[in-house]
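S.K.: Take the two lone chains and join them into the complex the hints point to.
Residue numbers (UniProt numbering), protein chains in the order written: chain A, 1 to 49; chain B, 1 to 472.
Hint data in this document are derived by calculation from the structure and do not stem from the laboratory.
Even glycine gets a Cβ: it sits at the ideal position worked out from N, Cα and C.
You may find that some hints are simply not true.
Not close to chain A: a few residues of chain B, all C-beta gaps over 10 Å, as computed [stated by the list, open to error]: (1) I64; (2) L71; (3) L148; (4) F210; (5) G332; (6) I358.
Listed next, the stretches of chain A that the computed footprint assigns to chain B, with coverage defined by at least 3 CB atoms under 8 Å from CB atoms of chain B [as the list claims (entries may be wrong)]: (7) 19-27; (8) 30-36.
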Amino acid sequence: MSTPASTSANQQQTHTPVGLIAFAWTLVGVPLAYGLYNTVKAASALFGG
Amino acid sequence: MAVPSFLARERIVARPGFNRWLIPPAALAVHLSIGQAYATSVYKVALVEHFDASLTAIGIIFSIAIVMLGLSAAVFGTWVDRNGPRAAMFTSAVFWVSGFLVGSLGIYTSQLWLLYLGYGVLGGIGLGIGYISPVSTLIKWFPDRPGLATGMAIMGFGGGALIASPLSRQLMNWYDPGYDPAVVGTVPSGNAVAGLFLTLGLLYLAFMMFGAFIIRVPAADWRPAGFDPSTIKAKSLVTTENVSANNAIKTPQFWLLWTVLFCNVTAGIGILEQAAPMIQDFFRNGETSTVLAATAAGFVGLLSLFNMAGRFVWSSTSDYIGRKPIYMVYLGVGIVLYVVLATLGSTATWIFVLTAAIIISFYGGGFATVPAYLRDLFGTYQVGAIHGRLLTAWAAAGVVGPLIINGVLDSRGTPGQLVAGDYRPALFIMVGLLAVGFIANLLIKPVSEKYFEPKATDAPTAAAAPERSTVR
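If we strip away everything but chain B, and leave its shape as in the complex, we get (with noise of 0.2 Å):
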């Protein structure tokens, strides 16, 4: 499918001496929006009421989202390759927008379907190709540095919520002055939830194509000052070839490495899903927790500053330890701090908050690091189709998470009532998966040389003799 002249790849090919510090924040701008997705719950509760429908009606708004981003991440990934980073993140803003503005208009009128078709299909589109749309960029631009620059993105993927919750509330007491959000059984209004949905997409929309517009990709020859592509090869796992995606796919290495983000999503979102409750599950005694309601929305506060800076924490670390054994940390470190949760979380507040915390950051730090090892493994050729394919596992692991924690959590007793030996054995079910993923990590290889694309074709970036280029 071809795509207007403006957006086309062979447009945005930066001329030599463009400083390539300007991509990080056409990266930030697509996924400091596409974020809002972890900000759904400043609503939720509005959204029920508005449609006089049950949490899990409203619910499976984000799941279709969720499972839209892992579906059109892998459909569109050879195609966002193909058409390079402006028409991804363009064709990301249009689906994105568009899904707040239907949205919007299913909540003035009334019509829950449309903000399933809105924000849950046409939305989850744009968020499956934004974001993907930087990553095989930053990873060309950043050679040396790749992990730093795909955890600077990824990072915004994470801050996005904490920029979306707070404005939401905002405007919604803009748009519905008897909402407070200091009140605690406050409900903003169905049509201050529509106002906001309306003034999001709008907002998205500006930034969005900001970001579109000031994306470059770097030329086929071009490589950062000083760089010697040698001394990256010289580290294990990591190759000059490349790897198609269709090829990918039949390698050991891309489903060993599928499992590793499984396992290492699943085990996050059980704290995730749960976090609020959790804690004061944790420190109850009999009917009332010593935990109050506001100490648990702040612990949710730190857990997400903790997954926000994992992101860039720890990919940034892995280009100096490498990607398998920063892997290793995630997954086995991460197997002691379950099992510490599971049997120590519940003798002191700081024990269970920085056992926690810590989870969060590797479960942040896997997602921001697993492009880079895609780098390592395949090449840069098609690295962005690929990591769309990959991400499946993330769509996967959003439907068993909750499934394993909210499963072993009805099975022990109602919410409310249960304590931490409710939660042990959730949580030794992440330690089983865990172990799973700790092991998968273990067996990556270097990809076999049948699976190497032939020496010329570097397809994406080789096509770059710009006819005219219009950049700085």
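Same shape as in the complex, but just chain A (with noise of 0.2 Å):
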């Protein structure tokens, strides 16, 4: 996690929502996971020939 040691002088703390982290993820990862799966299921010609 990333709580500051030192922090700058007149900073408003903030708080980053889960929520945004979660479905920043989850758009990089869905496309991701689409491509995992077909290139496994491309590569597992290699091992069923």
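M.R.: Given below as structure tokens:
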């Protein structure tokens, strides 16, 4: 995690919503999973042929 | 060159409490998009037929893009460091997407030069700026695990091709129902490829803009909880000083690392370029090969997986064992594996597949680990710009690697009749190159103090007292 050890003066504390982090990871994770699935399917010919 | 205020570095300085795990998906959004560059083979034949051109004339499009990648990363690296990742990602998206749109127009109007200008030149500039755009930001957010952080992003570049290949086939099938990717020999129409370019351009625009707008830079005094920079300093070769990009290229360390990257990439390209025909040639019996075309395609897929996984796994491992030792593994074990491939590769399919897959994982690992190696040697001050200049090694390897393998194979016979022995001279040249890289890596020592910046100038990061921060 990334709480600051020292903070700048006059800076408001913030909180990053967990939902936003989950959404961001899902947005990049889903296409990556689609690509991985298709590549593994193609690579399986190597072991099935 | 000033950027609009909404793109400025000062506007994206994170407030205390910001969660750094929002940064890797921002970086991935860019790298997964520009990684499409490695999926151009899916429409190559369609373009050959549409333009009635040679494979070489179409292949030049990709070559222009890679050369422009190296040049733009080198030229714009300092600009990227000065203006921050949002400006860089935004600019990269504009160039990358313009490349697709101009390329699409070129295909619709059957003007090949527009494809050279669009995908090659404009797209290549987008590639170069996009590739380096999140690197220094990730290193600053993850000073405790720079290898893991850059490995995640650069893994995305490998992953981009895994996504774009099946997606492109599917889209071209929608735009040209006569094209069936499952049937060997069917080729999509030119208009289907033009439609594909248009669609990919719009998809990548949305994806990259998402990355550009969630990216943040840490405040100058930010540290991860529990992180003590003195523990990093305690490792050999790692500096807490800073070296500018202009000074970095005056150091022997930069050119030794350039040599390391060049040798590692050239050797990897030797296999990647020829993967499908190579496995068939290694197991050729007269006119036919015991390895079917579908199996060879599976081998290419397996290499893509190892290329991507190597970027993440090896780069993360370097955080624990150090950058210099991991390159000794890439290059030293790589030499052994190349010798095994050349001498025993044709004796059993599993030996060939296993050695090639590990070699390609080292190829990917070499790309992903190099930003952290640069951070160790030159500090974080202008690491993006230094990385950009180092990537000229990639552009050079992209020319030399295929020249070596194609030159040797051309001198040994004709495609479709080559056997394992015909590859041996090329493989032993790669062994020699890896040995040169191994020695170059051994010679890397800490950078001399005379190149260090004065203590107060951590300029891009220190400029970070934000007038107004819009961050969450």
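S.K.: Could you run down the list of hints and mark each one as holding or not?
M.R.: Status of the hints after comparison with the structure:
Annotated as non-interface, I64/B keeps its C-beta farther than 10 Å from every C-beta of chain A; the closest such distance is 25 Å. The claim that L71/B lies off the interface holds: its Cβ sits roughly 28 Å from the closest Cβ of chain A, which is beyond the 10 Å cut-off. Consistency note on L148/B: stated as away from chain A, and its beta-carbon is indeed over 10 Å from all of that chain's, at 14 Å minimum. Against the 10 Å criterion, F210/B falls within the reach of chain A, whose nearest CB is about 7 Å from its own CB.
With a least beta-carbon separation of about 28 Å from chain A, G332/B lies farther than 10 Å from that chain, consistent with its non-interface assignment. The claim that I358/B lies off the interface holds: its Cβ sits roughly 15 Å from the closest Cβ of chain A, which is beyond the 10 Å cut-off. Taking a C-beta to C-beta cut-off of 8 Å, the stretch 19-27 of chain A contributes 5 residues in contact with chain B, enough for the three needed, and the coverage statement holds. Only when three residues or more bring their CB closer than 8 Å to a CB of chain B does the claim for the stretch 30-36 of chain A stand; here the count is 5, and the claim holds.
Of the numbered hints stated above, the single one contradicted by the structure is hint 4.
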